[in-house]
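*Asks:* Sequence:
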Amino acid sequence: MKSFKMFLAVAITAGIVCADVPMLINYPGKLTEKNGNPITGTKSIKFSLYDAESSGTEKWNGTYSVEVNKGVFNVLLGSGASPFSSTLDFSTNYWLEISVSGEVMSPRQRISSVGYSIRSEFSNRADVVNTPLVYAGCGDIDSSVSEKIYIHLDKVPRSVKLYLYGEKMSTLFYSEMGSHNHTASSGNSGDHGHNILTDNTNTWFGASTCIGTVDDSDSTRAWRSWPIQNSGSHNHSIAVNNNGNPSVNAGNNNKTYPDSVRVLIDGLNKTGFIGNPNGKNYWNSINSTWGDGSHEFSSGELNLTSYLLSTGEHKIEFTESSGGRIRYNLYIYY
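First residue of the sequence shown: 766, per this note's numbering; consecutive thereafter.
In short, the hints are calculated from the structure, not lab data.
Honestly, I wouldn't trust all of these hints.
Below, simulated DSS-like cross-link-like pairs (lysine-lysine); rule was C-alpha separation at most 27 angstroms, straight line [as the list claims (entries may be wrong)]:
#1 Lys933 - Lys1080
#2 Lys926 - Lys1080
#3 Lys933 - Lys913
#4 Lys799 - Lys933
#5 Lys811 - Lys835
#6 Lys920 - Lys1045
#7 Lys1080 - Lys1035
#8 Lys795 - Lys926
#9 Lys835 - Lys795
#10 Lys824 - Lys811
#11 Lys933 - Lys920
#12 Lys795 - Lys808
#13 Lys1035 - Lys920
#14 Lys1035 - Lys913
#15 Lys913 - Lys1080
#16 Lys835 - Lys808
#17 Lys811 - Lys799
#18 Lys835 - Lys799
#19 Lys1045 - Lys1035
#20 Lys1035 - Lys933
#21 Lys926 - Lys913
#22 Lys1045 - Lys1080
#23 Lys799 - Lys913
Note that the structure is a prediction, hence the values are computed from the model and not measured.
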């Protein structure tokens, strides 16, 4: 007959995250042959909890395919297809009965309420339960350019939270927005002089040395008798447009706010499904987008957990039909 030795932790761990996640009992043990030789291989082991040392009522059972290595194994009771019932009272004492490949080990092992190593399913998988993986950044987006976050999930996360902010961006010298004009302006440049190209040899001369009189006989001067004013203190206007033609004053007042921000997860628009859970302003419930084109916005906490349920590569993308700046903070909890 095989012998079985049971080891249990002696204190409740701090891994109980919340009441609505599965609870587990960490059960390490040792399994040997009758002669004491340790067993290696896969064994079918059934675990049952009773409310008495003998007879009594079975409160829970679960059968697991267990990898045993040199007699040592570890099982998370309550995991997989055999979760503990929500009505199971862990403040009382239970006796654990173990059957290996149909053979019942005896006697039952008593485990008291202080003897449980209980933890949530998620805390069992995380190195640090409450420390999230954080992605943060910002970018200018429009109809041609989006902002993307590429993530790789080693495990299915317990929770994914997104905080989104929309700000205005300057369109000055912004070259990815299609056909448009720019304006810019300069300040007072102070006292200074100018050089003007005035002869047909394409040579630069000072204005005072190359402008002649009406009767100037030097025909090499292209422009004669051009009135030159004292340079003094004055301003300039600069012309810049998208055709390269100098024509308009320059300024820096052209800014745009986002008016139709969407959140795409793995290429699918999820903005309408996520919605506006925090009741924030500048949410367009008709088009299911963020922003109104005239104000900054903040989304508050957006829950993306139900859209990231598989391991591997994922892409979160922010799109906008006109233009604006997006800032984001993404928190992934395992």
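*Asks:* The structure should be examined with respect to each hint, and the outcome stated for every one.
*Replies:* Now for the hints, and whether the structure bears them out:
no. : hint              : in the structure
1   : Lys933 - Lys1080  : holds, 25 angstroms
2   : Lys926 - Lys1080  : holds, 15 angstroms
3   : Lys933 - Lys913   : holds, 19 angstroms
4   : Lys799 - Lys933   : violated, 76 angstroms
5   : Lys811 - Lys835   : holds, 20 angstroms
6   : Lys920 - Lys1045  : violated, 32 angstroms
7   : Lys1080 - Lys1035 : holds, 12 angstroms
8   : Lys795 - Lys926   : violated, 42 angstroms
9   : Lys835 - Lys795   : holds, 8 angstroms
10  : Lys824 - Lys811   : holds, 14 angstroms
11  : Lys933 - Lys920   : violated, 37 angstroms
12  : Lys795 - Lys808   : holds, 12 angstroms
13  : Lys1035 - Lys920  : holds, 22 angstroms
14  : Lys1035 - Lys913  : holds, 14 angstroms
15  : Lys913 - Lys1080  : holds, 7 angstroms
16  : Lys835 - Lys808   : holds, 13 angstroms
17  : Lys811 - Lys799   : holds, 19 angstroms
18  : Lys835 - Lys799   : holds, 14 angstroms
19  : Lys1045 - Lys1035 : holds, 18 angstroms
20  : Lys1035 - Lys933  : holds, 23 angstroms
21  : Lys926 - Lys913   : holds, 16 angstroms
22  : Lys1045 - Lys1080 : holds, 25 angstroms
23  : Lys799 - Lys913   : violated, 61 angstroms
This entry does not satisfy hints 4, 6, 8, 11, 23, going by the numbered hints stated previously.
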